[in-house]
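Whenever a hint applies, use it, and build me the whole structure from the sequences.
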Amino acid sequence: MTMIWYSTIGLLLTGGLLSLFFRKNEVYSNTAAYLCSAFAALCSGFLAIKILLTNQTLIVMLPKVLPYTQVTMKIDNLAGYFILVISVLTLAVSVYSFGYGQEYFGKGKIGQLGFMFNIFILTMLLVVTANNILLFLFAWELMSLVSFLLVLYEHEYIKVRNAGLVYLIMTHIGSLFLVLGFLIMYQQTGSFEFDQLAVGVRQLSPELKNIIFIFMLIGFGTKAGIVPLHVWLPRAHPAAPSHVSALMSGIMIKTALYGLIRVLFHMLGSGSVWWGVLILILGVISALLGVLYALMEQDLKRLLAFSSVENIGIIFLGLGAAIIFKEHGTPMLSAIALTAGLYHLFNHAVFKSLLFMGAGAVHMATHTRKINKLGGLIKTMPWTALFFLIGSASISVLPPFNGFVSEWLTFQSLLALSFNISDTTIKIMAPVAGSALALTGGLVAACFIKAFGISFLALPRSKNAEKAREVNLSMRIGMGILAGLCILMGIFPSLIFRLLDGVSLSLAGAGVYGQLNGGAWLSVLNIPNASGKGISMDSLSLGILLVLAIPVVLLITRFIGGRTKRSKDETWNCGKTLIPAMEYTATSFSNPIRIIFRYIFWPSQDIIKEDKGSPYFTKSIKYRSRITPVFEEYLYRPINWAVIYISDKMGSVQSGSIHIYLTYILATIIALLLFAR
Amino acid sequence: MTSKIAIVIGQLLFVMALAPLLSGVIKKTKASFQTRQGPGFLQVYRDIYKWFHKDSVISEHTSWIFIVTPYIYFSALFVAALLIPTFTTVQPLGFAGDVIAVIYLFALGRFFMSLAGLDAGSAFGGMASSREAAVSSVIEPAMMLAIFSVALVVGSTNLGIISETFSSEIVFNLSHILAFMAMAVVTVAETGRIPVDNPDTHLELTMVHEGMLLEYSGKELALMMWGASIKQLLVYSLLVNVFFPIGIANNFDFISILIGLLSFISKVFFVGIIVAVIETSFVKMRFFKIPDLLAGAFMLGLLSLVSNYVLGR
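In the order they appear, the protein sequences are chains A and B. Just so we're aligned, residue 1 is where the first sequence starts under the numbering used here, counting upward by one. Just so we're aligned, residue 1 is where the second sequence starts under the numbering used here, counting upward by one.
Each hint should be verified, as a subset may be incorrect.
[Said to hold, decoys possible] A partial selection of chain B residues facing chain A, derived with a Cβ cut-off under 7 Å: (1) ASP119; (2) GLY121; (3) HIS202.
Read the hints as simulated data drawn from the structure, not as lab findings. Where is the CB? At the ideal position from N, CA and C, for every residue including glycine.
Below you can see the structure in the form of structure tokens.
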């Protein structure tokens, strides 16, 4: 198995280097890069499934490069699960990229793109397998830097450069807290190795554990994009090329969740109930605000990026519930809540990558990402439309797609929290969090009705949209793989429970497979609880019933009505010819929600009217509507000002004169001699 | 096995056959309040039958989404009808989904209906879809919280089990009543009745649900209208069978099924008449006041939850 692991790494390195080597020949370079990453994904996926099914742990000793420390990589269940998610996405995205890479031909940077793409995947694999603080932080930083370079790929545009800068700053604030957290652990235990460290960290005092928890939450929360640390995400993800956005939103932000789960469940062991409550509250806030801001977006990729914030919030709900259950000593329920979170993590990875790839296909065909400039693409790009629809339905929690199963489990975890935990606050809070999840679900549906309905249906709103052509075969196959998974993971949830059985056993102390997989061949999900009454849901049966119902309805229709004709005519438009300008746009579609949630958006609009001398003859009307980005304006801007102000004041210390500097050095030496004897 | 299949098919036929009658009764009641004679009870059946026989005209701008939507909408309700108890708590297919699945099956139908509203490209459809998406997203949390409040007493979200638990006697306590009031408001909103939406209007300024159906004709229209009345019946049965399922048949024998049928029919018709009374005595709300109404329902649900845990039952 070690050989498979080494060959994965080798393939990724080869892919990267070959891509650089062939950079003069764009076709070779493109093919080499994505062929290697696809094969690497097959290798690592095989390895991950083998580890998850056999509950083995693979430890890879790296050659000693640093003195005193033996750096190891360890692939246990949890790492295996994340490797599987990475592999599945890498495979689909690689297939997609054969075609999508052509979008960037002729700009002379194909070699770099392929190189960084492969290295990016490699660093993510390193992050989830590192078993040592130093290797983890090294891989983490490398991942951040490579993704930063990928965000900057089209650095000709000023927006892209700004996005890259914000990303770089935020990710390093996050890294700062991670380094602090890990250093506290190292200082207390004297070990860099995760396993030895975990033994020591479990003995620490609650206060120290709380500090580590807060540092880790901020550090990983920044990467995950939890509100209010999410500001980089809607900037950076849309700036990168779409196949990279698919990986960034699909899996890179999930590596932060890997880190959080690793630290909270594996190292800190037990903590306090309020950890779980805090994570739950952050989850609710992120889910709601994420989707609300997504609804206001008119840029397809920014919309998807905000929606990632929302989905991380939903994963946090499961995670928070798992921690609360764990602290209350109910391992089975903890395992179910953790499974809900991890299941949603996989689901989100699948449908968000699918949607980003769809957005990339739309961008390639129309050269715009503005929803208001699209329309009518379902006729010219039928396959992309179908796959985007499947992704939209999955993310909108519709049965029988995969998003429904994981959100159903999250709902049940929250209800079980209320039913089984004796604390009154939690009893009331959990169902309210559940209804916030329901509100999120409704808003997500609205958001993706907008994204799909305005972009793909009705009449094209611009010349570009009119001229759109279906994308090439490799891109369609790449999207098709994930669209198929959306359905497969929706109707056969027990496949995922089988893979998560070992993970939940080692982290929460109970296996979920036997518990959730109630039926023999049916995939009934049974939630146990103190009432002894069953709670069950069977997405396979729901799917079968839905599929069976359609021919039955057709038969009924035919039976009652007999044969009738169907003819085509104009859309009724009060007697006028329908033109695209009359259609509802994305802005108008989301206007009711903008008004309903005005206390969150603080919307403002101006109408600028120009007339020809007399107010009765209008020459042009301009309507501008905007929402206030509350976090940027009222949280980050003051911080920004403060930093600039302090730097400004500090500037006066720097006079540029060598004599002053010599005096500083002397003063420092004296101060050190006095205080640091 | 045979009796199970009989229950499944029986319930399905029962729901599909009864739903237009309920709409007819509401229409007739409204007419009598307005001192009109109004159409007969059976007019809804005649309308649906007529539409089934008509050729349909569809817009040249639409895609396949427009054609499949009525079938998906109807199928989603079809499956929901198998999960919601009506006259009996014996639910052979109850394992397949609980109340959360039911709510998201409704959402499935609504998702496609809203897409179909956008598909033809007219501003009416777009406007209706946009409003429907906004209203339904504020309905869902209120509905969930009201049902959660009851489900947490029972310890299950499966509807058959909830109904069975409350079927022996009328539950009458603060928490239950508050949750019922919340659900009653949600029922009016979810079925698109005044003061939230007006099912009788085709005025572009007011319509929500009707706006999305504007382009439909023939068989597709028949399915959409029949589906809407089935959905109405299903939401009413959620209301009566979650909160006051008394009389519902817990066993599968002739007498209890007869009692179950009679009590269910009288309860949903009673709800229908109340809805008709509300429709005639209120005006339609301004669209942006609707969230306030549903926020009220949400608060009732929250109070129900709090009183449940703080005051005890």
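These are the hints, each one checked on the structure:
For ASP119 of chain B, the shortest C-beta to C-beta distance to chain A is roughly 5 Å, which falls under 7 Å, so the interface hint holds. For GLY121 of chain B, the suggested interface contact is upheld, since its CB lies about 4 Å from the closest CB of chain A, less than 7 Å. With a least beta-carbon distance of about 11 Å to chain A, the hint placing HIS202 of chain B at the interface is violated under the 7 Å criterion.
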